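Here the structure of chain A is known, so what remains is to put chain B in place on it, guided by the hints.
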Amino acid sequence: MAEVLVLVDAVDGNIKKATFELLTAARQLGEPAAVVVGAPGTAAGLKDQLAEYGAAKVYVAESDDIAGYSVAPKAEALAAVAQQASPAAVLISSGPENKEIAARLALKLDSGLLYDAVGFDGDGNVTQQIFGAAITVTSKVSKGTPVITVRPNSFAPEAASGAAQEVPVSVSVSDAGKGAKITDTVVEEKGSRPQLSDASVVVSGGRGIGNADNFTIIEKLADSLGAAVGASRAVVDAGWVPHTMQVGQTGVTVSPQLYIAVGISGAIQHRAGMQTSKTIVAINKDPEAPIFELADFGVVGDLFQVAPQLTDEIGKRKG
Amino acid sequence: MNIVVLMKQVPDTEGDRKLAADNTVDRAAVDPVINYIDEFAIEEGLLLKEAHGGEVTILTVGPERATESIRKALSMGADKALHISDEAIHGSDAVATAKILAKALGSVEWDVAIAGSEATDARGAVVPALLAEVLGAPQLTQARKVTVDGSTVTIERVTDTGYEKVEAQTPAVISVVEKINDPRYPSFKGIMAAKSKPIDVKSLSDIGVEAGEVGLSNAWTQVASFENAPPREAGQVVKDEGDGGSKIADFLASKKLI
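Residue numbers (numbering that gives the first Met the number 0), protein chains in the order written: chain A, 0 to 318; chain B, 0 to 257.
Same shape as in the complex, but just chain A (with noise of 0.2 Å):
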């Protein structure tokens, strides 16, 4: 059976859910295998995470040039081992570094490119959604190894266990891999929060806000939740929250399990960046607010009274 390249992305020795999506689904095409590109010693801590979600192999790519770079010499190290494996399609999960990634393998492999996969089939027709959810487009790769980027939260990860055996892949940055020199990394909010982007559960606060210190609010439903935290444009704009916690047309995408949106009305560029959440409560003043279109449960009321009922309620049946 053709081998099915995934990427992993791991934080801190923390394989992320979205890779175990991957692995899950590359089955439907062929034997999943697990690529780690990092700098050495990475793959070492992984191999066992990987191994539970049915890595068949566990491909290494590891070198000193790979962390210090932008971008180019990832890209680099994933086709080294795409040309040596031949296989059937490469999946990355989606994101802004992963999909620049994805390209520049692309063309490095003559291959075509679909990026934010929302599901495929075992003949390679891959679905992907467009115009803020409006259009569901069925594609396909005509030359090349298809390159798909998935988004994350598109496929259940189940667990099954892989052999994940280890195959070293000697991996040489080329100069001109080395253009683009990280010469700081900065973390500016190490909260305890899961990430966006991935997040199972999102909660997100709007101009119904009010103010930056009502923020707390959104944050302590959020964290009843265990769920991420993010805003409309209208916030960011005002200068409440960071620009990274941004949903919609120009933010972050989301297809969380569950989305609240508190305080938000829902316009279309907010809409375009959340309307494929599995559920979606709203909680909104205005009857008329274009959330309510797409809210499985809505309450029209003050949302300073119903946020904090709600995060006491989900504490209360938490216990």
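Hints are computed from structural coordinates only; laboratory data are not their basis.
It is possible that some hints are incorrect.
Subject to a maximum C-alpha distance of 20 Å in a straight line, what follows is the list of computed EDC-like cross-link-like pairs (lysine to aspartate or glutamate) [to be verified]: (1) B:K102 <-> B:E86; (2) B:K238 <-> A:D301; (3) A:K219 <-> B:D242; (4) A:K107 <-> A:E61; (5) B:K144 <-> A:D236; (6) B:K246 <-> A:D285.
Residues from chain A shown here face chain B by an in silico Cβ test under 8 Å; the list is partial [said to hold, decoys possible]: (7) G44; (8) G111; (9) F130; (10) K139; (11) I181; (12) T182; (13) D301; (14) A306.
Since this is a predicted model, take the numbers as computed values, not measurements.
A virtual CB, placed ideally from N, CA and C, is assigned to each residue, including glycine.
For chain B alone, coordinates are given in the frame of chain A:
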């Protein structure tokens, strides 16, 4: 310094965007506008010119009608434009677009090429990286800050948890995120001046691109079909009677979400 801003004309997000019968974006269905995020790229180009001197050239690959958006960019203060327009470009994928942009850049002098991080129609956010790959030029993308010192360009690249400082030598490909600056509105003087600024329109053969490398039939991916997504089933909306929060909790429990 020679600054090139890559600008795309897109259908307005506020409109009812559609695909055409050949599965490409229906550019007639909705009024075209400058890709919103490219406005920040234009502004960044103008700021660099103000700080370091030189010229700002708008580079657009797109149909004839893109002239309207090019004029707007010129009215913001850009000096001139290069418009690659050719019927054979219709339906090109991101890879082909990057190849066209690379050849177009080969026909001008440039130190930095600045794009918006993504376009609001395709949302691929891949063309700047592809362009860097085609050119073998350094990739400085997802920038929330750009600093130029001689031939060294340093950016703050946005990451999930903060930012990275990334440094490269010119010529370099840059993409900027929205909010990097505050794009200016065209002044009346700027609008009048834009009418006489030069727009160089070139075909594929003018810049040395074979028609057989680009376009719908030569794309490396194909759209087989599309359908309008079914509208979400209407949910339940209740008025808060003092128990709105616990009603939501009941709903979440019924869905096994808590």
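Outcome of the hint check:
{"no.": "1", "hint": "B:K102 <-> B:E86", "result": "17 Å, holds"}
{"no.": "2", "hint": "B:K238 <-> A:D301", "result": "10 Å, holds"}
{"no.": "3", "hint": "A:K219 <-> B:D242", "result": "19 Å, holds"}
{"no.": "4", "hint": "A:K107 <-> A:E61", "result": "19 Å, holds"}
{"no.": "5", "hint": "B:K144 <-> A:D236", "result": "17 Å, holds"}
{"no.": "6", "hint": "B:K246 <-> A:D285", "result": "18 Å, holds"}
{"no.": "7", "hint": "G44", "result": "20 Å, violated"}
{"no.": "8", "hint": "G111", "result": "4 Å, holds"}
{"no.": "9", "hint": "F130", "result": "4 Å, holds"}
{"no.": "10", "hint": "K139", "result": "6 Å, holds"}
{"no.": "11", "hint": "I181", "result": "5 Å, holds"}
{"no.": "12", "hint": "T182", "result": "5 Å, holds"}
{"no.": "13", "hint": "D301", "result": "7 Å, holds"}
{"no.": "14", "hint": "A306", "result": "7 Å, holds"}
When held up to the earlier numbered hints, the structure conflicts with hint 7 and nothing else.
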